[in-house]
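My request is simple: use the sequences and hints to build the entire structure.
Quick mapping for you: the protein sequence lines, in order, are chains A, B and C. Using the numbering used here, the first residue of the first sequence is number 994, and each one after it goes up by one. Using the numbering used here, the first residue of the second sequence is number 2, and each one after it goes up by one. Using the numbering used here, the first residue of the third sequence is number 10, and each one after it goes up by one.
Hint data in this document are derived by calculation from the structure and do not stem from the laboratory. There's no promise every hint is true.
[Said to hold, decoys possible] Below 30 Å or equal to it, Euclidean Cα-Cα: the simulated DSSO-like pairs (lysine-lysine) are: (1) K37/C with K40/B; (2) K1176/A with K9/B; (3) K1288/A with K147/B; (4) K40/B with K39/C; (5) K159/C with K1114/A; (6) K39/C with K117/C; (7) K131/C with K47/B; (8) K37/C with K131/C; (9) K1288/A with K47/B; (10) K1114/A with K1176/A.
[To be verified] Stretch by stretch, here's where chain B covers chain A in the computed footprint (C-beta under 8 Å, at least three residues): (11) 1045 to 1056; (12) 1215 to 1222; (13) 1265 to 1271.
Don't be surprised by glycine CBs; every beta carbon is placed ideally from N, CA and C.
Now for the letters of each chain:
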Amino acid sequence: MDINPILLAAAIMVASTPILLAAIGELVVERAGVLNLGVEGMMITGAVVGFIAAHESESATLGFMGAALGGAAVSVIFGLLTQFLLTNQVATGLALTLFGVGLSALVGQGYETTTQVPVPKIPIPVLSDIPIIGTILFRHDAMVYLSLLIVAGVFVFLTKTRAGMILRAVGENHDAAHALGYKVRRVRMMAIMFGGACAGLGGAYISLVRVPQWVDNITAGTGWIALAIVVFASWKPWRLLLGAYLFGGVTALQINIQAEGLDIPVEYLSMSPYLATILVLVVISGGRAPGSLGKIFHASS
Amino acid sequence: MILLEKRKQTSQFWTYVTPILAVVLTMIFGGVLFAILGKDPVLAIKTIFWDPVFGEFAFYYRPEVLKKAAPLILIAIGLSYGFKAGIWNIGAEGQYIIGAICAAGVALSFYPTEGRWFIFPLMIVAGIAGGMIWAMVPALLRVYFKTNEILVSLMLVYVADVLIKAFSIGLMRNPDGHGFPGSRNLNDYPAAANLELIAGTGLHWGVIAAIGVVVASYAILARHQFGFHVRLTGESPRAAGFAGVNANRLIMVCFLISGGLAGVAGMFEVSGPAAQILGSFPSAYGFTAIIVAFLGRLNPIGILLAGLLLALTYVGGSAAETAMNIPSATIQIFQGMLLFVLLSVDVLTDYRLRWVARSGGV
Amino acid sequence: MNRRSLLAAGATAAFAAVLGAPLRANGKIKVGFIYVGPINDGGWTQHHHHSAKEMVEHFGDAVDLVYQENVPEGPDAERAITQMCLGGADIIFTTSFGFMDPTINVAKKFPNVKFEHATGYKQADNVSVYSARFYEGRAIQGTLAGRVTKTNKVGYIASVPIPEVVRGINSAFIHARKVNPNVEFKIVWIFEWLNPAKEADAAKALIEQGCDVVLQHTDSTAPHAAAKEAGGVYTFGQAADMAEYGPMPRISSIIDNWAPYYIARVQAALDGTWSSVNTWDGISTGMVGIGEISDAVPADAKAEAEAMRDAIAAGEYHPFTGPINKQDGSVWLAEGEIADDGALAGLNFYVEGITGNIPS
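Here it is as structure tokens:
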């Protein structure tokens, strides 16, 4: 049996990081009551912007920062349309995906074959030497650790801070929140931009670390998976972690099963992550969505 | 600052003008984009929008626009019912693919028997059925488990994609094909071929079906009680409940309609222009149809015009690529921009812009 | 079929009227290329384009180049090819298998335009087909792989289960086993020609399962990057030299060099001697190039590979020479028997010793 479970577990963490980043951003957006289907567009924009920024500046850090800015920038289009021009959120999100995919293909022309700045792994001293757990958890690059920190940070923000409470209130009932004097549109714009930045980081992780390369459509649907993970997580940050790793796990496992030579038809293996997501959505359907999710807010006072 | 003030009644004027305004604005923004890329904006816009319809080779391009518009219109009409009622079938692409697989399956299992009079209609039935079955999954899961239909229908697109790749190299592979992937060419099988009825016009059965569906849809939405229910549910689910609309039944019916129409679009496409079951058969019509539906304001006549327009951007866009070396990604940006602009100017139909003296925060 | 010929007749008349004389009187020729991917994909399409540009350089002003990239297979391809004909192209190269039926269809409507279809099998009076004997290059890769591996596990990232890919796997395996009877192949199918993310995942999975050589029939450099990161893994460039990843992990490559063929065909069109042919060339004519073998390979292995390359080029050695058995143990080629082109063109089984099944 050639599959090495330790290496596999570490690979799962790496494979799951882009989904995790995009999903945690979208979770915040949806807790604020906005459904942004444009995650794929924001991710791929982040992927190309991050790639170009890293390549031109020869710094991976600047690459990721550029990606976050890029993702946030396109999310602003979505924010302006849905919050100020009161457009339908589903349609606007889809338009953002289409626009983002096209824009990234255009911008990324000429960068398809360039090699990339390496993103170093940062083993945490002492902890990384623990057998088994050390290899799985503590020998990753900075973004993996950052993604986990963001999840923890979002959890604390939503449950323990006043700002987080306001955001949740806006998401549950925007009319009541408005009546209480909270700035609904401002809160939502900030949430949307945070979501964009996270999605951008997720996309850049794919183009800078996981592959690493730029090609058209490099995200290949990861943004949609992230949306599913948010629902799976019932909009709770820790469940999100589980969902992301589950999906990353199925994806990593199916390639390993193929390489191992086990006689399971490849087609079923390729389908498994998506079928698993559906199954999980059905089973976990008990979660309650934020009350105002997807509804258009128009201050009528 | 500018305030949005809700109108008492939806403005009729703006309802008709906004799509036109959106197209004009997109042409302007598109022109700017081309100029940034160093291409002549006027020439680019002309190549994309004018030449295919009125230019030198229009006799070739016009039928191509029709052939490209047919699946878009069929799928978009199907989607429009659900969208009006707030039921989001994002997985039409998957239903389109499965419809094509089922229809091709019927054709290939009869090969080489002649008998178009029963094989071709059977293929149509298979296409509709296949699309409906694929759409039933998100519908049932939504009705019984309250699962989000957007995500389930979308995941099934990926599954359908894997399935068609598997069929093209496996069960449906052409035994005379030297081991290469791809089914038999259905255009070469007279019982199954969906060819132009009059040479050079682009009118295949799919185009005719699209026109028929537009007419039928107009009648239903305008006059039939079902159309009333759909519109009511979209505007006020509570009122619809009081009016006796069974929400679950409406969900099922809307998914059946959109799934069936997407499936039959797949059938016409695989027996016509695409001609084969290939891994590359999925061409994102299911997603572009969503744009067509919105651009057409979920109205059958609007969808007809929007479908033709978007087909024009495909055909004209690819002509511009060859003629002016414009990158292929530009067309996608264009379509995305079109939707953005349309959604933005749409606000004018329900809201009035008013200047107000500054008075406090957002 | 009746409708088709009606369309063909009517359309041909219309098109011919539009286009006028088939070949420019002043000896200039318009050459068109239809690409399935972007010209910067680092592999398949990039090399067709590179060879196209070399051809243009060779002919100078006599040739007008026009191309379209990212053309999807299917009806859109038919439109793209037609557009090129309407634009006045005299000879068009369609560079992907999936363009086969569209090429044939358009060729019927434009009998005065010459078409060259890569990797296909349908010909017509004005349609030629051409392909390269990549399996010759795989033989050399297999020899090197068998020699340099220390874990005796060789990974293979395969794209789509078509005869060309199966030929490559078989050829590589046969030659790896010849020099190293303990070697085993681990094969992963990703069902695409170019998907850097999946290729990277596949490479990492193979490496994690112990492979220290990774061959690929996919077009990106992602496996090289994964190998470089892992360290101690050998890779081969695909379609392009990918020399920037040498001397490790890339120790050699198969280079697609279509330029000699393109030059020959355009010359024939200019001279009026063009006719429909079926070309399947390999190392001997330069269509398949073997990339410089890096110094990471021990000198004797390098010499062995180079000798094989020269023997194939001279026609003295054919990679599919018996005795070779099929995967189920039955005899395919007897001692000294050479597989004929027909059998190779439709090859759809693994040879003995490969574990696993070809997806179907």
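(request) Tell me if chain B covers the stretch 1045 to 1056 of chain A under the three-residue, 8 Å CB rule, please? (result) violated (count 0)
(request) Below or equal to 30 Å on CA atoms is what counts here, so check K1288/A against K47/B. (result) violated (40 Å)
(request) Mind checking the alpha carbons of K37/C and K40/B for me, to see if they're no more than 30 Å apart? (result) holds (26 Å)
(message) Can you tell me if the stretch 1265 to 1271 of chain A counts as covered by chain B, using C-beta to C-beta distances under 8 Å and a minimum of three residues?
(response) This one holds; 4 residues, not fewer than the three required, reach chain B with a Cβ under 8 Å.
(request) For the pair we were handed, K37/C and K131/C, check the Cα-Cα distance against 30 Å. (result) Holds, at about 28 Å.
(message) So if I understand the rule, the pair passes when the alpha-carbon distance is 30 Å or less; does K40/B with K39/C pass?
(response) holds (22 Å)
(request) Could you grab the alpha-carbon distance between K1288/A and K147/B and see if it respects the 30 Å cut-off? (result) holds (18 Å)
(message) Quick check: do three or more residues in the stretch 1215 to 1222 of chain A have a beta carbon closer than 8 Å to a beta carbon of chain B?
(response) holds (count 3)
(request) Mind checking the alpha carbons of K39/C and K117/C for me, to see if they're no more than 30 Å apart? (result) holds (19 Å)
(request) For the pair we were handed, K131/C and K47/B, check the Cα-Cα distance against 30 Å. (result) violated (37 Å)
(request) Decide if the proposed pair is consistent with the structure: K1114/A and K1176/A, CA atoms, cutoff 30 Å inclusive. (result) Distance ~42 Å between K1114/A and K1176/A Cα, so the pair is violated.
(message) Run the distance test for K1176/A versus K9/B: straight-line Cα separation, threshold 30 Å.
(response) holds (26 Å)
Comparing the model with each earlier hint shows violations of hints 7, 9, 10, 11; every other hint is respected.
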